[in-house]
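Take each chain as given, in its own frame, and dock them per the hints.
Chain residues, written in single-letter form:
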Amino acid sequence: MTEAWGPILLTLKLASTTTVVLLIVSTPIAWWLARSQRWWKEGVAALVSLPLVLPPTVLGFYLLLAMGPRSPIGQLVENLFGTTLPFTFTGLVIGSVIYSLPFVVQPVRNAFEAIGDRPMEVASTLRASPLDAFFTVAVPLARPGFVAGAVLGFAHTVGEFGVVLMIGGNIPGKTKVLSTAMYDHVEAMEWTQAHQLAALMLVFSFAVVLTMMVLQRRLNRLAA
Amino acid sequence: MNEIEARFAGRVGDFRLDVAFTVPARGVTALFGPSGCGKTTVLRCIAGLNRMKTGDLKVLGHVWQDEKTFVPPHRRPLGYVFQEASLFAHLSVRGNMNFGRKRNRSNDKAPAFDDVVSLLGIGHLLDRSTARLSGGERQRVAIARALLSGPRMLLMDEPLAALDAASKEEILPYLEALHNSLAIPTFYVSHDMAEVERLADHIVVLKDGKEMTCCSLAAFMRRNAAPDSEEGGTVLPARIAGPTDEDGLTPVEVDGGRFWIAGADQTPGSRLRISIPAAGVALFEQPPGRGSVLNVLPARIADVRSAGPAMTFVSLRLGADGRGAALYAYVTRRSARDLDLAPGKVMHAAVKAVAVADRGGAILA
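Sequence order for the protein chains is A and B. As numbered in this note's numbering, residues 1 to 224 make up the first sequence, in order. As numbered in this note's numbering, residues 1001 to 1365 make up the second sequence, in order.
Next comes chain B alone, as it looks inside the complex (with noise of 0.2 Å):
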């Protein structure tokens, strides 16, 4: 009930799609991979823009598509958000984002005008002309028109890919802020590992129209780590847990443990998501003595494996009951086999790096 079930295959022109994933109808799922691989493809089949020769879509327990049904695009309760903002050039901005408010007759509630002007930052640019907006102001435009609609799922088709990088930086904190305040799924197809880390929750990942992975975020952070990806790491939900003092460090807690992080300025309480890499992290039997290391936290090892022929992937639960977060270490196999390391054992991780990998979620949190 509380999932989206999809399933398209066929073709478009020399294109083959055949992906099949089910996905929570809650949080951020990214549709992931590289260009022409059909996530774009898959993100108009949801929204009923293609039609696939098979197809078969349920979300939240109503049937939108399948051998018999094929509910029109303009009878589904989405948002869309195209890669090009695609005002409409004969409204204004407000008359933009009126259009699919007024056509929102369902019971699907919408959210208020003026908190959706609010959210997305977009109160002065109400009269203008979408001619004379900039690709950023466009894109939140977009956004607005999208919500205003009152969806009950939004798609979002690399909102970001258009933009020059100081437009992109201009928009994620909203898509961020829109992460923490939205109760409704989202579909956000991208290429970009980096915005995929910072805003999703679950993760289709797609090649040549088919589906490799389809799985949390932190899981495919976790199979990534291993066994020859140095990049590989964790991403934690976290909570500001006090003020920046007069270092530039701040305290953030996540569940099983505290760290200090520099880069962090948000207002104790707000919630953002910290990124530990495997390779960051040192693994010590005893509490080591005075260093540079900040951060030691002790852990439990849930599992070892193989990582090559000279590399141990060592995955953790903060605490010393193994019952915190996921924690992922990359060490040397010499070191695994001297320390024993071995799941149940108690260790102490040394964590070098730790960045914050969103920023701004703190807007609405």
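Looking at chain A on its own, in the form it has when it is part of the complex (with noise of 0.2 Å):
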């Protein structure tokens, strides 16, 4: 069991990284999403939603393309930083954000839209700027999306297993995670250690969106 901890460490340290850059970036995208009139936003909406529907390998096909050396991605990224994306950590978060998008973007915007316009013109009455009031009335009013999107993204993450093949490759210590560590071990029959694995996410899984959602009964229960 003692090799298993590897993989569950790199799998904890995918998660949490994934879902703290997820908030970050689906942010302002969901924001804009719920905010402007213009007629092709749900275009772009649509773009953010693709990795629902689309094989995970076919988006991983598509990532180790755009972030392998011959493509013009690949290029800029090794001039700049003398390192290519495919078969590191960075590639792996990478392509694990793209992955979970919809799942933070979709939450988050629906909360933002839940709040109207009534709140913001408050605000902007009483003095704040549009950015003050982004961050000291918008994103406090959606917090139970902020939650949401954090427990779907992280979970969506170590669940992850597609992408993580095309891009990450299966490195042990830098890209062998979870679900592709239980892969290798029922390819090689170590039925004990796939079964041991199994029940482990089994069990963290159920605890991580349980532990969640309570939180999020408490805070709903706390604003109300």
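Take these hints with a grain of salt, some might be off.
Said to hold, decoys possible - Here are a few chain B residues that face chain A, going by a calculated C-beta distance under 8 Å:
#: 1; residue: Ala1047
#: 2; residue: Leu1049
#: 3; residue: Arg1051
#: 4; residue: Tyr1080
#: 5; residue: Phe1082
#: 6; residue: Gln1083
#: 7; residue: Ser1086
#: 8; residue: Asn1104
#: 9; residue: Ser1149
Treat the hints as calculated values from the structure; they're not laboratory data. We put the CB at the ideal spot given by N, CA and C, even for glycine.
Put into structure tokens, the structure is as follows:
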């Protein structure tokens, strides 16, 4: 079981990092989608939601190409940082963020839409600039959306497999996470280890979701 | 300089707005009219929450909007009270009240926190969550929140419309107290004439997105009194001149005369308004003998106008010298002819109906 700790810790690190990046990236996207009047915004929304229906391997394949040393993006990254992204932890984070984006953008967008225009108008008549009002009124009022987005983003990242395999390559200590380690065990017919990891993930996922739900209920009750 | 000049023209959806008015930058200006006439849109334009295609707004010498300028709402030193209190659900009552206060970094002096709290009677609510307030309490907190941001102008969008009758009566005295104790100009949107009579000094009447009238409330009441309205009359500022006697009557003083009225329970010296309908005033050449009417005052005729086939509308000024407050009488054409009613003639006005137009004006006066 000791050799399982590496993938477990790596999974936790990946999921936490991804969740933090997701919250930062999703907030402005969700705000724009909730407020913009432009007719083409639903096109952007569809693009963000694409990972919901796209097979993870397809997404991983394109990301691998985009990050690869032959693509313009890959070359830019190599020139700037002297390294390429595929088969690195950073590459995994980028892939996970794109893969889980809709799971955070959607609940946060819904929460922003539910607030309506009025609180922002009130804030502006109380001399809050738009940016000030965003952080002191819109974000606190949308808290349930952020909690839901964080739960979903975290859980979805823990459970991802296809994207990880395509960009990460299952390198022990670097990109070998729980789901791919589990796959290795099954391939090698190491049923005991596979059972242990599967049970662990089941219990862990359940605990995370339960904790967040209880937390959210309590936060909602406090706000009411 | 001491004026508010506004002109807004443009469309909001299917609605066309085209208004222009200039009102003095003091006292309460009512934006009055039926629902859908554009009152709220005008108020939102003044606040900068709506931006009309063409708009000019000059407040106390500052340009807030013209062809080149548009000052965003958060840079306009104003307080806005919405129809629904719209308190921030994530903040306590105190948090709501401090929101604007903390952000008032300009030189605009905000009233002291404790003064506003006692003015609106919300001291016991400060640490509550906003969800546990009644409708009237929420609106009082919203008014306090607006005042504490140090506004140089107050905008109120039917602050009583969403409330039941009891909550309305709970808040009106506070609004009257505000009117008496605050020097900042206020726009007050309403479709309720009784509210306007109690609170306003000036009135802008709107209909279908256009302004019909813009004048002082007294002038509006006078115009409304003639020729076919029996409800019209005058609203006079008055002062309690002495204690209420054992018959329940209180002497009140107006410019050029003194009335006995029932139902005024304020302390001597405090201010209030009384309303006298034109139909409740009878005119005598000589002081009438013993009778039931208590208030008979000399008044000089300023104007006589026909008001329909059988009626005449007489404008008078109180006092034999005709220098007092305005009073209106609605009399038959025959009486006007028999009595030779004409400008300059001094009559004795028997005022049968006098009512207190606002109550509670004494709280802070």
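Hint check:
Interface hint status for Ala1047/B: upheld, as the beta-carbon distance to the closest one in chain A is roughly 6 Å, under 8 Å. Residue-level restraint check for Leu1049/B holds (minimum Cβ-Cβ distance to chain A is 5 Å; threshold 8 Å). With its C-beta approaching chain A no nearer than about 13 Å, Arg1051/B sits outside the 8 Å limit, and its interface hint is violated. Hint status for Tyr1080/B: holds, given a least beta-carbon distance of 4 Å to chain A, under 8 Å.
Checking Phe1082/B against chain A: minimum C-beta separation of about 7 Å stays under 8 Å; hint holds. At about 10 Å, the closest approach between the beta carbon of Gln1083/B and any beta carbon in chain A exceeds 8 Å, and the interface hint on this residue is violated. With a cut of 8 Å, the hint placing Ser1086/B at the interface with chain A holds, because the nearest CB-to-CB distance is about 5 Å. At about 6 Å, the closest approach between the beta carbon of Asn1104/B and any beta carbon in chain A falls short of 8 Å, and the interface hint on this residue holds.
For Ser1149/B, the shortest C-beta to C-beta distance to chain A is roughly 5 Å, which falls under 8 Å, so the interface hint holds.
Hint compliance for this structure: hints 3, 6 are broken, all remaining hints hold.
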